[in-house]
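2 protein chains.
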Amino acid sequence: MLGNFSYKNATKLYFGDDSLKYLNDELPKYGKNVVLIYGGGSIKKNGVYDAVISILKANGKNVVEDAGVMPNPTADKLREGVKIAKAHNADLLLAVGGGSCCDYAKAVSVSVNTDEDPWEKYFVKFDEPTCEIVPVGCILTMAGTGSEMNGGSVITNHDTHQKIGHVFGEEVMPKFSILNPKFTFSLPKRQMVAGIYDVFNHICEQYFSGTDDNVSDYLAEALMKSVIKNSLVAIDDPENYEARSNIMWAATWALNTLISRGKTTDWMVHMLGQAAGGYTDATHGMTLSAVSLPYYRHILPYGLSKFRRFAVEVWGVAENGKTDTEIAEEGLAEMEKWMRKIGVALTLSELGATKDMIEGIADATIILDGGYKTLNRDEVVRILSESL
Amino acid sequence: MLGNFSYKNATKLYFGDDSLKYLNDELPKYGKNVVLIYGGGSIKKNGVYDAVISILKANGKNVVEDAGVMPNPTADKLREGVKIAKAHNADLLLAVGGGSCCDYAKAVSVSVNTDEDPWEKYFVKFDEPTCEIVPVGCILTMAGTGSEMNGGSVITNHDTHQKIGHVFGEEVMPKFSILNPKFTFSLPKRQMVAGIYDVFNHICEQYFSGTDDNVSDYLAEALMKSVIKNSLVAIDDPENYEARSNIMWAATWALNTLISRGKTTDWMVHMLGQAAGGYTDATHGMTLSAVSLPYYRHILPYGLSKFRRFAVEVWGVAENGKTDTEIAEEGLAEMEKWMRKIGVALTLSELGATKDMIEGIADATIILDGGYKTLNRDEVVRILSESL
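Taken in sequence, the protein lines are chains A and B. Heads up: the first sequence at position 336 corresponds to 336 in the working numbering, and the numbers run straight through without jumps. Heads up: the second sequence at position 304 corresponds to 304 in the working numbering, and the numbers run straight through without jumps.
Treat the hints with care, as some may be off.
Note: identical chains are not told apart, hence a pair may lie in one copy or across any two.
In silico DSS-like links for lysine-lysine, alpha-carbon gap of 25 Å or less [claimed, not checked]:
hint: 1; residue 1: K182; residue 2: K8
hint: 2; residue 1: K337; residue 2: K189
hint: 3; residue 1: K189; residue 2: K229
hint: 4; residue 1: K29; residue 2: K12
hint: 5; residue 1: K32; residue 2: K57
hint: 6; residue 1: K8; residue 2: K29
hint: 7; residue 1: K77; residue 2: K45
hint: 8; residue 1: K29; residue 2: K175
Everything labelled a hint here was simulated from the structure, so no lab data went into it.
Given the sequences, and given the hints that come with them, work out the whole structure.
This is how it looks when you write it as structure tokens:
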């Protein structure tokens with residue numbers, strides 16, 4: 001049954017191969033001082049940096065740069081970003097990059113106008129922002145996290161081996177996001193497929209809960225089918241606009257709160273993957289793929305009817321003459337075949353995790369309920385060991 | 001291929017059997033003067049009126065009523081509503097009812113602060129509002145039009161036999177909408193199924209265009225499958241909360257612009273149905289159902305691959321040993337069976353249309369392109385004649 005809920009998502013999206021020009025429509029809405037946030041500099045190679053700078057200049061903005069946002073943005077970097085934004089009296093934080101840059105910009109946005117330590121406040125104590133929030137805009141160069149249309153932010157603390165996400169409310173969501181599928185063309189294949197698996201897993205995390213049959217489940221299946229189909233095109237033909245645009249659009253809707261409405265969710269693949277990420281600093285999507293199959297095979301008996309449905313509706317598994325469990329397991333086998341085909345990590349060992357890290361990763365795994373099985377610590381250890 | 005587009009929909013939704021209480025959260029955001037808009041008084045029978053009035057009073061609002069909004073709100077009623085809202089210096093227009101009340105409230109909202117005639121300005125000349133727009137909130141008692149989360153407004157002019165819709169931009173969308181599936185329980189069955197068909201047709205109108213395979217098409221299929229399944233539950237068990245809640249939520253997403261992103265659309269079933277509505281004043285959803293099958297059978301050859309996909313994905317038609325056309329036609333035959341089962345009108349005659357009206361309805365039919373076949377007038381006449 002659809003549980004009670006509220007929904008609001010006011011991010012303005014500009015989508016398409018001409019979408020950057022709409023930055024000209026958005027900039028006049030904000031003050032003069034812009035912090036331009038980006039990562040390792042790939043945007044300087046593909047021309048996006050120059051194009052953005054030229055629009056910022058044409059709009060008379062006073063720009064400072066906050067570069068070097070890492071794939072897993074750290075608490076230290078966040079503190080540095082807050083200082084930069086404060087010193088610049090930022091009127092707008094403009095993130096140009098993938099989900100890491102967007103996540104980071106949102107974390108800065110809620111921290112500029114408070115004197116508390118942002119890591120402690122938002123990622124340890126899970127406080128909600130009470131201070132003024134600096135507006136965030138995003139120019140996306142990678143499809144995956146959905147950060148361009150949600151309030152989520154994941155920050156990593158290397159000192160404590162913690163990678164923790166805070167899902168903020170609607171007021172923290174980006175004011176606008178610019179999605180040009182062509183900006184994702186130059187992404188290395190490994191990053192592309194990590195993003196694709198991240199999208200797929202976001203949908204799974206919200207799909208695998210409940211025994212009812214509500215609109216959200218149908219929408220989740222729709223998004224999964226589109227992602228699977230287009231991923232197989234994109235791995236052979238990364239500049240296929242149709243495939244990359246559909247992946248980009250599905251990514252946004254995979255994690256903008258729509259498909260979780262009325263459902264409970266436990267996000268355990270992310271909890272396991274993020275804990276592993278805190279130890280290995282591996283690419284986010286790859287940590288998720290590495291733990292997914294052992295986790296799903298473990299919870300399959302507790303959510304049998306949904307795993308059966310997943311097999312039939314998403315993977316086209318034939319039902320005749322098979323038990324429910326056989327059908328459900330065949331679905332996961334098909335999913336594994338697809339994961340191998342697109343080339344995501346299937347073990348944590350590939351990502352640098354070792355046996356001696358298992359206990360530490362298990363300690364760092366936040367166990368949530370709302371899914372088919374609330375894990376105990378022994379189960380976490382077993383799933384992580386099977387993921388090695 | 002996904003065409004370029006923008007997307008923003010900032011309506012805050014409260015969904016569930018406790019959702020009315022959130023009116024208390026919304027009212028303080030607006031000034032004292034509220035115009036309470038409703039229809040024929042059914043809300044006085046089912047308790048919704050009393051509940052709303054009590055919340056308005058508890059929040060110290062100064063309320064005037066604008067009642068009697070008809071199922072097809074008229075230009076005359078719109079002019080009256082503008083006068084009421086002007087005289088009351090309205091700070092908020094609160095529509096309590098179905099799509100008609102929401103549509104009407106939006107039409108009033110863009111007309112209060114202009115001296116031009118609202119029918120002429122928005123439904124003849126299709127001007128966009130340049131004046132200040134009075135905020136609109138909706139409390140929904142019928143699932144169907146999606147008006148609770150879009151900028152659409154359909155107004156009927158009896159003098160000229162015209163029923164015309166204007167899709168306004170994001171600034172005209174309701175600021176908030178309250179969706180309590182239980183408020184739809186007391187709706188007469190005929191109204192319920194008219195609403196359900198309206199939802200289904202909204203999805204079809206956006207689905208039947210293009211030969212590509214984009215996310216929107218998968219999402220459309222998801223919504224259709226959910227609506228079909230739950231409609232069959234609801235016709236036998238109208239107080240089945242699960243069915244009514246899923247229908248209500250699907251209705252919102254069927255027409256809040258999401259599933260048309262990146263696509264062209266011609267909305268020809270609505271153009272034909274609304275033209276018939278201008279002559280018969282019949283229930284909106286029923287005018288759509290009456291013209292749908294003749295129209296879809298007519299355009300099937302021009303959009304064969306999509307009608308084939310519709311048959312297989314939405315209606316589960318088996319493909320083996322059949323031509324594409326046979327599969328596609330079987331899909332429409334299945335759709336017809338479902339329409340008969342839920343009990344929607346299958347002819348315009350049932351709705352009071354007669355042969356001598358055909359030429360007039362054809363004249364009133366706005367022919368749009370963007371679908372599989374841009375109709376000519378002869379085709380419109382033929383489809384309307386086949387719909388009699």
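Tell me, please, which holds for K8 and K29 at an alpha-carbon limit of 25 Å: within, between, both or neither?
both (21 Å within a copy, 16 Å between copies)
Intra- versus inter-subunit Cα pairing at 25 Å for K29 with K12:
both (13 Å within a copy, 22 Å between copies)
Homo-oligomer pair classification [K45, K77; C-alpha up to 25 Å]
Close inside one copy (23 Å), not across copies (60 Å); limit 25 Å.
Please work out whether the CA atoms of K32 and K57 approach to 25 Å or closer within one copy, between two copies, in both situations, or in neither?
Classified as within: same-chain Cα gap 11 Å, cross-chain 44 Å, threshold 25 Å.
Given identical chains, is K189 near K229, meaning Cα to Cα at most 25 Å, within a copy, between copies, both, or neither?
The answer is within: 17 Å in one copy meets 25 Å, while 40 Å across copies does not.
Homo-oligomer pair classification [K175, K29; C-alpha up to 25 Å]
both (10 Å within a copy, 20 Å between copies)
Is it within, between, both or neither when you check K182 against K8 at 25 Å Cα-Cα?
Close across copies (22 Å), not inside one copy (29 Å); limit 25 Å.
Check K337 against K189 for me: Cα-Cα at most 25 Å, and say if that holds within a copy, between copies, both or neither.
This pair counts as within: shortest intra-copy Cα distance 18 Å, inter-copy 48 Å.
When held up to the earlier numbered hints, the structure conflicts with none and fits them all.
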